[in-house]
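Top line first, the protein sequences correspond to chains P and H. The numbering of the first sequence is the working numbering, which starts it at 1 and goes up by one. The numbering of the second sequence is the working numbering, which starts it at 1001 and goes up by one.
If you're looking for bench data, these hints aren't it; they were derived computationally from the structure. Hints may be right or wrong, so weigh each one.
Computed list of lysine to any residue pairs in SDA-like fashion (alpha-carbon distance at most 20 Å, straight line) [to be verified]:
hint: 1; chain 1: P; residue 1: Lys62; chain 2: H; residue 2: Val1259
hint: 2; chain 1: P; residue 1: Lys62; chain 2: H; residue 2: Lys1246
hint: 3; chain 1: P; residue 1: Lys62; chain 2: H; residue 2: Phe1027
hint: 4; chain 1: P; residue 1: Lys62; chain 2: H; residue 2: Gln1306
hint: 5; chain 1: H; residue 1: Lys1063; chain 2: H; residue 2: Asp1042
hint: 6; chain 1: P; residue 1: Lys230; chain 2: P; residue 2: Phe45
hint: 7; chain 1: H; residue 1: Lys1246; chain 2: H; residue 2: Phe1027
hint: 8; chain 1: H; residue 1: Lys1239; chain 2: H; residue 2: Val1259
hint: 9; chain 1: H; residue 1: Lys1063; chain 2: P; residue 2: Phe45
hint: 10; chain 1: H; residue 1: Lys1063; chain 2: P; residue 2: Met37
hint: 11; chain 1: P; residue 1: Lys214; chain 2: P; residue 2: Asp189
hint: 12; chain 1: P; residue 1: Lys62; chain 2: H; residue 2: Gln1275
hint: 13; chain 1: H; residue 1: Lys1246; chain 2: H; residue 2: Leu1272
hint: 14; chain 1: P; residue 1: Lys62; chain 2: H; residue 2: Ile1311
hint: 15; chain 1: P; residue 1: Lys62; chain 2: P; residue 2: Leu90
So the chains spell out like this:
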Amino acid sequence: MQQIQGVQPVFQRNYNKMLYPAVIAVGMFAVVPLLGMVALSFTDFHLIKGWGKSFGFENFVKMAGDRRFIASISVMLMLSVFGVIFQVTLGTLIAVGLEKIVPKWRFMRGIFVVPFVVPAVAVALIWLSLFTPTLSPINAFFDIFGITVPAFLTTEYGAIAAIVIADTWASYPFVMLLILAALQGISGDLDEAASIDGATKMQIFWRITLPLLKPALLMVALFRFIETLKHFPLIFVMTNGGPGRSTQATNYYAYIQTFCCNQVEMSVFVQSRNVPLGGARAWLFRAETSYIAALNSHAGGSLCGE
Amino acid sequence: MATKDDILAGPLDAYLVNGERWALPFFAETGMMAYRTDLLADAGYDHAPETWAEMLEAGAALKANDQAAIAMRVAPGQGFNMFVYPMIMRAYGGHFFKDYPTDLTPDMNTAEGLEGLNVYSTLMNEYGPEGIGNFNFGEVAAAIPSGQVAMIVDGTSIVAQALDPEKSQFADQISIAAVPSGPAGRSPAIAVHGLGVPADAPNAEASFEFIEWATSEEVLTKIALMQAYPDFTSASVAKNPEVIAKYESIHPEFLNLKVQMLGDAIGHYRPLLPQWPTIDATVGENINAAVNGIMSNEEALANSDQDIADILSE
Chain P
1 MQQIQGVQPV FQRNYNKMLY PAVIAVGMFA VVPLLGMVAL SFTDFHLIKG WGKSFGFENF
61 VKMAGDRRFI ASISVMLMLS VFGVIFQVTL GTLIAVGLEK IVPKWRFMRG IFVVPFVVPA
121 VAVALIWLSL FTPTLSPINA FFDIFGITVP AFLTTEYGAI AAIVIADTWA SYPFVMLLIL
181 AALQGISGDL DEAASIDGAT KMQIFWRITL PLLKPALLMV ALFRFIETLK HFPLIFVMTN
241 GGPGRSTQAT NYYAYIQTFC CNQVEMSVFV QSRNVPLGGA RAWLFRAETS YIAALNSHAG
301 GSLCGE
Chain H
1001 MATKDDILAG PLDAYLVNGE RWALPFFAET GMMAYRTDLL ADAGYDHAPE TWAEMLEAGA
1061 ALKANDQAAI AMRVAPGQGF NMFVYPMIMR AYGGHFFKDY PTDLTPDMNT AEGLEGLNVY
1121 STLMNEYGPE GIGNFNFGEV AAAIPSGQVA MIVDGTSIVA QALDPEKSQF ADQISIAAVP
1181 SGPAGRSPAI AVHGLGVPAD APNAEASFEF IEWATSEEVL TKIALMQAYP DFTSASVAKN
1241 PEVIAKYESI HPEFLNLKVQ MLGDAIGHYR PLLPQWPTID ATVGENINAA VNGIMSNEEA
1301 LANSDQDIAD ILSE
């Protein structure tokens, strides 16, 4: 590092000190509990019986052989992957539509954001009644035409679809807002130049807008993927993990292990299976953000270099 | 001070483990049936079905009138479907273990158990409202006041909501009856709360004096009169004229029926084992899968036996 002259070293030390509050806060509220959780996952702590003084890898072995845990991972992946695909698609389409195709509708942004503001439990209750045939206005509407809407929540894949639908409805505004922000950063000159050259709106979208949006899309998809891994209110209210076990995602299975079975260490292990996952996620995220940052500067540079 | 005979049998035995009683009950919810007198009359019944077999017939008659007959909890979980399913299971002679509490071999997969599960599954799928595979106590409570179904069998707090004229538009036409019985008798659901003293309590004697006072006839009567508390566990309180007058407005027969159900209930409706919450949750998932057609009834019972054995051997 270069020799910094004069008053710079003083500034440098003070800049470092400015980090202390954040470091302390993150340490106290995030790192320490995380380490505690990891330690807890090696024990056999029981909510009522307490700690049985054992410390080892038994939980890990149990989990590897627990078919319910393995089934829960596949449920979690299904919910997350399909959820993210639909949310990102819907959010992007709405964002592009608002920004490019119908610029007079900008006030609609406020209306489209409403689902995101609704608390998760309220979302779950709304969609529970929409999916309950005896209470749902959708079923009543289709009954007029003699069409019986099938019951979603009582079939294996229907229940997963129901949760994905409810999740998409509640979360697409997040995608929409971020993509809108990214779209603002794309210069309108590009579209103008393209249409002068005879490109249709669709071609502009596929060939120009989408590639420029790729970094933002990746980031948004990553954010949403991490969020969907934490699915709980929707499952708890809409299906209770049913029918049978078909919507028991890993997070929900952890809840059952803790509060129905009082086996805190099992649930913590399930959660702390998400810790290495979370750790991996964090590293992945770091890598992605550096990649995205590099891409952005490259894209910016290439635009400037024209 | 309450005498042992004054406490209703079901709740008292809910704390009976290894021949000793470990707590005194002060709250007991039990199972009860609520039904629409007008809808049943239309289908040709002047009284509520008294057995589960009669319930199936009534279901068929109501279905002919294009009316869903019954709603019960089906959602998987120990406080959800497993609160109501054992009512039918035990009525047909099914049980969880070969001989609780002495022989804890899982024994759900018997001919009687299968019959019970068949009846439950048929009632829910054939004669229940659409989408019942997911019903929890919220949906059950909403089903009868809104006219969706003609009968519900659930806990007394849910049934009381159906009778409340402020919450239920059909309150006048709703009446209550005992939980239906089966070939092996009647087994109403029971959920008991009580007071006990931990082994390492520093003031055990004083704690017990408090418990005696809190579960005495005097105090329970006071609470029953001052609060909405029809779930007391003392027979003498149920005979108190003031208490009777207060809870008559729910339904004239409510208290009597409740006491009768609590007398019929067995303390180990949910077996008193430390692993029971885990077992209950797992079995509940299997039963729910069976009702929703994800696995057959025999499979569900066989899997439940296997799951119980796995959990007990851990």
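Hints and how they fare:
1. P:Lys62 with H:Val1259: Given that 20 Å is the threshold and the Cα spacing comes to 46 Å, the pair is violated.
2. P:Lys62 with H:Lys1246: Judged against 20 Å, a Cα distance of about 55 Å means the pair is violated.
3. P:Lys62 with H:Phe1027: Judged against 20 Å, a Cα distance of about 38 Å means the pair is violated.
4. P:Lys62 with H:Gln1306: holds, 17 Å
5. H:Lys1063 with H:Asp1042: It holds: about 11 Å lies between the C-alpha atoms, which stays within 20 Å.
6. P:Lys230 with P:Phe45: Answer violated: lysine 230 of chain P to phenylalanine 45 of chain P is near 23 Å, above 20 Å.
7. H:Lys1246 with H:Phe1027: Holds: lysine 1246 of chain H and phenylalanine 1027 of chain H sit about 18 Å apart, inside 20 Å.
8. H:Lys1239 with H:Val1259: Satisfied, since the Cα-Cα distance of roughly 10 Å is no more than 20 Å.
9. H:Lys1063 with P:Phe45: violated, 52 Å
10. H:Lys1063 with P:Met37: violated, 54 Å
11. P:Lys214 with P:Asp189: holds, 19 Å
12. P:Lys62 with H:Gln1275: holds, 17 Å
13. H:Lys1246 with H:Leu1272: With Cα atoms ~34 Å apart, lysine 1246 of chain H and leucine 1272 of chain H exceed 20 Å; violated.
14. P:Lys62 with H:Ile1311: Roughly 12 Å separates the two Cα atoms, so the pair holds.
15. P:Lys62 with P:Leu90: It is violated: about 40 Å lies between the C-alpha atoms, which goes past 20 Å.
When held up to the earlier numbered hints, the structure conflicts with 1, 2, 3, 6, 9, 10, 13 and 15 and fits the remainder.
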